[in-house]
Amino acid sequence: MRSEILTGAIVLALVFPHCVMVTDGIEVDVVYEAAAMPQAVLTDMGYRVKLDRALISLGRVELLECDNFVLQVWRLFVPGRAKAHEESTPTSLGVPMIIDLMESSGAVLFAGTLRPPPGRYCGIRVVSAPADADAIASTPERADMLESVLVLEGVVEHSETGLELPLRVRIAEVIEGDMPFDEPLVFDGPRSVTVSVRINHIQWFDGIDFAVSAGAAVHQKLVENMKSSLAAERL
Amino acid sequence: MGVKLWLLITALALPLWSASEAAACGTCSVGDPTLTIVGFEQPSAKRVRTSATARHRNDRIGEENVDQLLLSEQRLELAGAYSPTDRWTLSLMMPLVHRYVTAVNLAESDIWAPGDLEFRVRAVVYRDRSFAPRHLIGLIGGLEFPTSSIERDTEGVPLPLEFQAGTGSWDPIVGASYTMFSDPWSLYLSSVAIFPTQGTADTKAGTSFRQTALGQFQPWTFLAFQLGAEFRIDQPGFIAGVRDPNTGGHITYGTFGIVALPHDKILLHITVAVPLIQRLDGAHEEGLAITGGLVYEI
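Sequence lines, in order, name chains A and B. If you use the working numbering, the first sequence corresponds to residues 1122 to 1356, in order. If you use the working numbering, the second sequence corresponds to residues 52 to 349, in order.
It is worth saying that the hints were derived from the structure and are not from the lab. Some hints could be false.
To be verified - Now the in silico label distances, taken between C-beta atoms and shown as ranges: (1) B/L194 / A/D1265: 49 to 59 Å; (2) B/V325 / A/V1307: 35 to 45 Å; (3) B/L194 / A/P1305: 53 to 63 Å; (4) A/D1188 / B/R111: 18 to 28 Å; (5) B/Y347 / A/D1188: 54 to 64 Å; (6) B/I328 / A/D1265: 48 to 58 Å; (7) B/A334 / A/A1254: 30 to 40 Å; (8) B/V325 / A/A1264: 52 to 62 Å; (9) A/D1253 / B/R330: 35 to 45 Å; (10) A/D1253 / B/G266: 57 to 67 Å; (11) A/D1253 / B/R111: 27 to 37 Å; (12) B/L327 / A/V1229: 47 to 57 Å; (13) A/P1301 / B/L194: 53 to 63 Å.
The beta-carbon is built from N, C-alpha and C at its ideal position, and this holds for glycine as well.
For reference, chain A alone in the conformation it holds in the complex (with noise of 0.2 Å):
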């Protein structure tokens, strides 16, 4: 009798069932749209742009509180220490990955999910860092991307005076920008939005008069106009 017992309970705690039942909760799904490539960008100071290669490494992606989004700006005019394989939180996303924006064209890029604790999230951070070995889409070929966030090589005419210029560059600065969301992403519960983050590099030419410029000014002019023509939309 006092075996039975013994045996029986045993037995009972060996069998008891495993079971699992997980709930997903808050989750933001973040994409990257590059913008459709033209045989050649034409610009508003009527250069025509003909890319042969063009690459960005994006480092991290954030979600920004609302009520931190000042103080979030204004890291902006901090110099960014990003580098690549940050660590991620449910806030960001710390998976650096190269864009080929020729063979991305018009294509949408899976970065990660985000999952945030509740609140107000007014946009999102983009932070363009110089990407590892380990990056997605890394490859031999690409190991500029590793002392770079930018890569562009090609070739720029003038539509009216013909005048040809080779066009290379390469920006190893990191580059941070900052989309705000046009209505804020307010999680009270579980739920799942996705968040689309577009690089419309065909802006990025704008204002910038080859004939005159180069190096450092030609630099300065493509990371404003970077920054600038990033959007974020919550699809």
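Fit chain B to the supplied structure of chain A, relying on the hints for placement.
Relative to the frame of chain A, chain B by itself:
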């Protein structure tokens, strides 16, 4: 008459010590969960006991609004113990674990799983006299079996140790205890170390040392009050060779318990453990723990 009364009270009081443990989980327990069934009195030859013990505890792991996990755990421990002689006691304890984990993004995991089966041996190596000893020194040995299931994420990667119902490893247990009786007071001290090995999911809990100090006052034969302290110090845990930052450190609980004997074969106990000093590594905060149960002598 006086001696008989003393013996009777002592005999009744001895099992009451058994409710001294704080609530526990597979990876962050305090105290000795098998004491409920084994007790720390002098074993009675040929005695068989069974017990059911319920434990509840809360845990906060991680930084608030960043990566915090809220853990609520309930365990039902079914156990049996047998004393072949008046010096040896063998016990088996099987926990059934329910864990409810809430992530910072309100994702929830509801886990029901068996924990790690635990086998222990307690040997009385010193007693000042055979009958109604006033001083007992015992040695404790044991082994935890990897019977718990290993919880994994959707990609098959083992979840942090906090999500697991047990360590999933073969864990040797070594310890010693001392008991002193001075009716109606009693004192119990024990030190137990657990040495987890590599778990079945490439997890490794850190070596854990637990110290229990407990005093008991028994004004009546059917009721006793306990006051004590439970100390635990852990080495960090590792998953796939990477340190889990929120493991390791030490914690001290204050415990208060009540033990009742409604029948000569039944013992009821309830203990509340309050964390007093927490020096746990990383962002890790343990909460109130409550233990209640029943011991039945067959």
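Evaluated hints:
At about 57 Å, the beta-carbon gap between B/L194 and A/D1265 stays in the expected band of 49 to 59 Å. The hinted range of 35 to 45 Å is satisfied by B/V325 and A/V1307, whose Cβ atoms lie roughly 38 Å apart. At about 56 Å, the beta-carbon gap between B/L194 and A/P1305 stays in the expected band of 53 to 63 Å. Here the CB-CB span from A/D1188 to B/R111 is close to 23 Å, well matched to the stated 18 to 28 Å.
In this structure the hint that B/Y347 and A/D1188 lie 54 to 64 Å apart at CB holds, the actual value being about 57 Å. In this structure the supplied range 48 to 58 Å holds for B/I328 paired with A/D1265, their Cβ-Cβ distance being about 55 Å. Take B/A334 and A/A1254: their Cβ atoms lie about 31 Å apart, and the range 30 to 40 Å holds. Remark: the range hint 52 to 62 Å for B/V325 to A/A1264 is upheld by a beta-carbon distance near 58 Å.
At about 36 Å, the beta-carbon gap between A/D1253 and B/R330 stays in the expected band of 35 to 45 Å. One distance hint, 57 to 67 Å for the beta-carbon pair A/D1253 and B/G266, holds here, with the actual separation near 59 Å. Distance hint check for A/D1253 and B/R111: the Cβ-Cβ separation is about 34 Å, which falls inside the suggested range of 27 to 37 Å. Under the hint 47 to 57 Å, the C-beta atoms of B/L327 and A/V1229, about 55 Å apart, fit the expected range.
Checked against the hint of 53 to 63 Å, the C-beta distance between A/P1301 and B/L194 comes to roughly 59 Å, which is consistent with it.
Checked against the numbered hints above, the structure breaks none of them.
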